[in-house]
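> Sequence:
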Amino acid sequence: MRINYISILKKSLILNTLMILIVACRNDSPTGERLKWEHFSSANGDFAAPGIAEQAALLLLDIDKDGKDEIFVAGWGDTSVVWYRQKGKTWERCLLDRSNSHSIGGSFCDLDGDGDIDVLFGGAWKSNEIWWWENPYPDYDPQKQWKKHTIRDTGQNGYHNQIFGDFDGDGKPELVVWNKRAGKLLLAKIPDDPKDKNAWEFNEILTWDGQLNYEGLAKCDINMDGKEDIVGGGFWFEHKTGIDYTARKIDDYGESGSAAGDLIKGGRPEVVLSSADGVGPLNLYQWKNEKWEKTTLIEEVIHGHTLQVIDIDGDGSLDIFCAEMAEWAGGNNPGSKTWILYGDGNGKFTIEILSSLSGIGNHESRIGDLNGDGRPDIIQKPFMKGIPRMDIWLNKGSN
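When you line the sequence shown up against our numbering, it's residues 1 to 399, in that order.
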């Protein structure tokens, strides 16, 4: 029997070439990470733990106008909202609310028009309330609660997500919230007196029978008409006139986290959906030939309640940050993963698992600039596993 070594060699070269091409497009290796990260953790005593029971929400915003993002953690327990500001080489925990508000979601806006940003959270499954807190800038006392205003205490419990944006193009922000148990997506204009609960009028822009579990909110000018659009629950919402919005379906992926941005440069922005409070894929949707074309980037994400589109490596192309929960009521995922999908601006992604972050768990973890160096940092917050806990990963640039 003759062995055709030349044929075998050719097949081997072809196979190796294919493997190289696959790895170039998709890199799930936990080693060889693109960026270096400096780790700080409340678990190591680097700063005080949040001191909140279930850590249900996290916001990043520059509350004190120092050019650095501050961290806001909210959840369930007697202490319901705390915030952190950088102090030298650590972060100081400051009290915001100790009224057992049972908070979830969160957004921010200058609600009272005094030139500084205020914060807002909605009630979770135990509450039918929505509140905002006045920013006391520049007089911050780490032990003093902020002044709290209730703007809604009617309807069914559960305002899972909230977002501010100028969705009707009038130059003023509106508030949008999911009221999941009621089966409603609500929109409210900010009244002249935002401290008066009775001045807030919430209008229904989507209703459903309650069997579905829509969630997730993002904003982006999807149809490029100069107005921010609402993205959530597998839809984007096009403003028509006044408080009239048309729901445009992207995909039947309603129980999902939402993000959007110009991931493939040129044309409409792309939409990204992940699994949020379930198990499902990480999908990218591109508007092409007058329809949304789906590309699955990761086949299975387990409770992917962390999703953000942002340029992480500073190359001018948007990337995707996606992560899994490690524990939730009635379930756990000890091998929870954290991914960065580095985009090239043309629709290709290098997928990297951040091995150091994996296993800790993420819930509404976020990326922002914590130390003012212009590089995006990671704030990692679990929901239940190991709480109270928070981790900070400072971006130190290329490896």
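In case anyone wonders, no lab produced these hints; they're calculated from the structure. As the structure is a computational prediction, the values presented were derived from the model and not from experiment. Note that CB positions come from ideal geometry on N, CA and C, so glycine has one too. One or more hints might be untrue.
[To be verified] Cβ pair distances, simulated, as ranges:
no., residue 1, residue 2, range
1, 329, 113, 34 to 44 Å
2, 225, 48, 15 to 25 Å
3, 143, 195, 34 to 44 Å
[Said to hold, decoys possible] Simulated pairs of lysine-lysine, DSS-like, Cα-Cα distance not exceeding 27 Å:
no., residue 1, residue 2
4, 240, 288
5, 36, 288
6, 89, 172
7, 144, 172
> Is residue 89 close enough to residue 172, meaning Cα to Cα at most 27 Å?
violated (38 Å)
> Taking only the CA atoms, is the gap from residue 240 to residue 288 under or equal to 27 Å?
Answer holds: residue 240 to residue 288 is near 23 Å, not above 27 Å.
> CB of residue 225 to CB of residue 48, is that within 15 to 25 Å?
Violated: the Cβ-Cβ distance is about 46 Å, outside 15 to 25 Å.
> Check whether the Cα positions of residue 36 and residue 288 lie no farther apart than 27 Å.
violated (36 Å)
> Could you see if the CB distance from residue 329 to residue 113 stays within 34 to 44 Å?
Roughly 40 Å apart at Cβ, these two residues keep to the hinted range, so it holds.
> Note whether the CB distance of residue 143 and residue 195 lies within 34 to 44 Å or breaks it.
Check failed, 24 Å falls outside 34 to 44 Å.
> Residue 144 and residue 172 were given as a pair; does the straight-line alpha-carbon distance stay at or below 27 Å?
violated (31 Å)
Hints 2, 3, 5, 6, 7 from the earlier list are contradicted by this structure; the remaining hints agree with it.
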